[in-house]
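Assemble the complex: chain E is given as a structure, and chain C must be docked to it using the hints.
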Amino acid sequence: MKNQAGDMEVQQEAELVRAVQAGDVNAFASLLDGHLDYLRAFIALKLPVAHLVNEIAHETFVFAYRNIHRFTAGTSLRAWLRAIAANLVRAEFQRYAREQANQFTYAKHRLLEQELGRSDAEDAAEMEFLRDCVEELPPPMKELLTLKYREELPTEKIAGRLQRTQTWVWQVLFRLRQQLRQCVEGKLSGVKP
Amino acid sequence: MITHEQLIAYVSGELAPGERIRLEDQLAADEAALRSVLEQERLDAALRAMLGGAAEREQVRQAVLEVVTGSSYEDVKSNVMRVVAAPRFPFLDWLAGWRGVFAGGLAAAACAALAFLLWPHAEPAPIGFAQLSDVRNAVVIVRNGSDLVAKDGTALQPGDTIRVDDGGTTVVFSDKTRLTLAARTEMKLGVGDARELQLLAGRLAARVAKQPADRPLTIRTPMATARVVGTEFTLDAAPRATRIEVSEGLVKMAHAGVDSAVEVAGGEFALAVPQSELVAGLLPAKQTTTGDMGSRDPVTWPFASDSPWNRPIGSGATYADVQSPALNLAGNGGSVRPASHFRPFFVAKLGDRPQKIVSRFQDEVFATTPVSAEALRDGGDWVNCTLIDPTRAIAYELTGARRRGDRIEAMICAPIQLRGPGAGGNLFSGLPAIAGIIRAGELERGIGHALSVSVLHTALNRRGPGGGPFVWPARHMPIEEKKLAQMGSAGNVHYGTLLALPRDLDLATLGVGNSGPAFEIARVLQSHGAYVTHSMPVDQATGDWKQPHVQFIAELPMETHWQKLDADISRVVCHLKIITNNAR
Chain E
1 MKNQAGDMEV QQEAELVRAV QAGDVNAFAS LLDGHLDYLR AFIALKLPVA
51 HLVNEIAHET FVFAYRNIHR FTAGTSLRAW LRAIAANLVR AEFQRYAREQ
101 ANQFTYAKHR LLEQELGRSD AEDAAEMEFL RDCVEELPPP MKELLTLKYR
151 EELPTEKIAG RLQRTQTWVW QVLFRLRQQL RQCVEGKLSG VKP
Chain C
1001 MITHEQLIAY VSGELAPGER IRLEDQLAAD EAALRSVLEQ ERLDAALRAM
1051 LGGAAEREQV RQAVLEVVTG SSYEDVKSNV MRVVAAPRFP FLDWLAGWRG
1101 VFAGGLAAAA CAALAFLLWP HAEPAPIGFA QLSDVRNAVV IVRNGSDLVA
1151 KDGTALQPGD TIRVDDGGTT VVFSDKTRLT LAARTEMKLG VGDARELQLL
1201 AGRLAARVAK QPADRPLTIR TPMATARVVG TEFTLDAAPR ATRIEVSEGL
1251 VKMAHAGVDS AVEVAGGEFA LAVPQSELVA GLLPAKQTTT GDMGSRDPVT
1301 WPFASDSPWN RPIGSGATYA DVQSPALNLA GNGGSVRPAS HFRPFFVAKL
1351 GDRPQKIVSR FQDEVFATTP VSAEALRDGG DWVNCTLIDP TRAIAYELTG
1401 ARRRGDRIEA MICAPIQLRG PGAGGNLFSG LPAIAGIIRA GELERGIGHA
1451 LSVSVLHTAL NRRGPGGGPF VWPARHMPIE EKKLAQMGSA GNVHYGTLLA
1501 LPRDLDLATL GVGNSGPAFE IARVLQSHGA YVTHSMPVDQ ATGDWKQPHV
1551 QFIAELPMET HWQKLDADIS RVVCHLKIIT NNAR
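Chains as they are written, first to last, in this note's numbering: chain E, 1 to 193; chain C, 1001 to 1584.
Misleading hints may appear alongside valid ones.
What the hints assert, rightly or not - Computed from the model, here is a short list of chain C residues facing chain E with C-beta under 8 Å:
#1 Ala1063
#2 Asn1137
#3 Val1140
To be verified - With a Cα cut of at most 27 Å, we get these calculated DSS-like pairs of lysine-lysine:
#4 C:Lys1252 / E:Lys157
#5 C:Lys1483 / E:Lys157
#6 C:Lys1176 / C:Lys1210
#7 E:Lys157 / C:Lys1482
#8 C:Lys1564 / C:Lys1483
#9 C:Lys1546 / C:Lys1564
Everything labelled a hint here was simulated from the structure, so no lab data went into it.
Using N, Cα and C, we set each Cβ at its ideal position, and we do this for glycine too.
Chain E with its partners taken away, still in its complex shape (with noise of 0.2 Å):
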């Protein structure tokens, strides 16, 4: 597993947290800015609604620097992160549970529940296994994901571009998706209990 760029040493990261505490906001801005890439990937692979999801890294990061104070410099800030994006997420499955009417939406909340049910270590490392995975994949699949999502073209252009069916697209992008996922999981295999 590779070391982002982004991760701060914890050394450094322990300082910035001790300057929050003392009530330097400039530093909070560099602690954000370290993880709120991660912890919205990381929510996303548990509630995949892109609304909700930003709502709930704010939410996240919010609750942070208001209970900073509660949280031990030197330990690790993006287990902390995750552990209070995960009960926000909880707390969203239970404002779904109450509304049953729709039994699609209700299922696919009951089954997204048992992934939070997930060791901390899995969850730590299926985000790195993830971008692994993806600098795993021969360029033509990289080149497809970056005319989906980091250029966020509709399926016609990108169609366009590769000079292939929108139907092409939809297939191979379904596939790559499923492709991606048995890698983390073959990578995951490792990290289990």
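Just chain C now, with coordinates in the frame of chain E:
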């Protein structure tokens, strides 16, 4: 059994709304397939968060810092401006890149001047932050898991949830947008974008200031999404339905998670319910007018004498050829459809028991009226029908209705004044379904009113003079984007178009004789014409059968020789013209 291809189509968002709902029903009972969909959605969302969404990420970052630092409104405004303006004005980046070349002061002055020019004029002010006003009784703000007691003037923060248990309150945004929340309402403010709100439950009335066209105010409910550019409306989020009623302006509404929306204009409503496409129509008119009826029975010959339905074609009317690439009147001809297949009528007698007509999805009574015992079977299928009250004054046009015990449940109920102008129905043309039908006995006695005609859906030009597929007496109606896209974009046929036979056409030359049903229909097409009130989907059937391109509706005995009638009607309709100016 759900196929792999269905799953791909579902995940790619390529299923039609109806198919999507059916598949979701199947998915709810098929855990393996559901798990596969879920894995796709999880990976999709994670890749989106990991590889892209730079603007979205920046918005979340800004929103967190605004809460943490307690930024002033001016700071927030400049942040919002940066997020909003940067992607649309790459010139700013270009300018930034030349900072070293230009003198610092000059660049700063240029930036300031550009910001001054862009901020007030490029688009209306952002919604920004909000505060509460008119707080009555039990109103609570839920912020980061804690309940705060709300008071007049309480400042709200992104992500706050306002819960009105009893009483009510108004949320006033800095751009003067006002959302008034009723009792038992819960609304959550957006986080990344203050224009993204969630109405979790209850009802709100909104007066929305003009929003940037490309960044409308968005209100999500569990069932639907409404996008607002600037208007007045009420939004009601019941557990199984979301209903919007628009007083002024325009709102785009779509089922949650569905791209195809309807535009709901002033005087219209839309309803999102489970397992159905969006339902939309006209709100009942607040005031109705009634006119002279002569001695006519409004049930068999409805509407006032000066209604467009009852006015003969004027002597100064001008005629034009029918121009529509998809309409082939000479090749495909026309037909007559039995009224019983269209929308049956049930006229109540004075002794019939009054019954409530209620909404299928909401706690709402549309009307209470005596209902004929013959109307609708208890617990039967959902059907479209028309109930007429015993005074013969009002026709209730029901969509998706059935009897349930001592009441009638319906998806939509449009009350039509039978002595009124003949407007305000829930067909796609906004005209009443009861108008223009050839009623029993009229072919023998003579028809004294204009007819209603259905044309091939693809024959309509969606780009009418008013911007939509409508001309008077049809009016704007909320029609789903997918249905609009299926229409044509050229020609002179729209909802409301008056088709007629030229006044100098000798009917004896049509080859349908000098009397009989086809001759009588030709005669009324020459004297009154036929308004396009609805449209028929293109039938994909192959073989020798040709789909008729226009269709009239008639109450005729079942023993009618329909095939001969259709053949005769086809000889008539190929001579139809369009009335462009119905001058007296």
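A quick look at each hint next to the structure:
{"no.": "1", "hint": "Ala1063", "verdict": "5 Å, holds"}
{"no.": "2", "hint": "Asn1137", "verdict": "24 Å, violated"}
{"no.": "3", "hint": "Val1140", "verdict": "16 Å, violated"}
{"no.": "4", "hint": "C:Lys1252 / E:Lys157", "verdict": "25 Å, holds"}
{"no.": "5", "hint": "C:Lys1483 / E:Lys157", "verdict": "23 Å, holds"}
{"no.": "6", "hint": "C:Lys1176 / C:Lys1210", "verdict": "10 Å, holds"}
{"no.": "7", "hint": "E:Lys157 / C:Lys1482", "verdict": "20 Å, holds"}
{"no.": "8", "hint": "C:Lys1564 / C:Lys1483", "verdict": "33 Å, violated"}
{"no.": "9", "hint": "C:Lys1546 / C:Lys1564", "verdict": "15 Å, holds"}
The structure fails hints 2, 3 and 8 (numbered hints given earlier, in ascending order).
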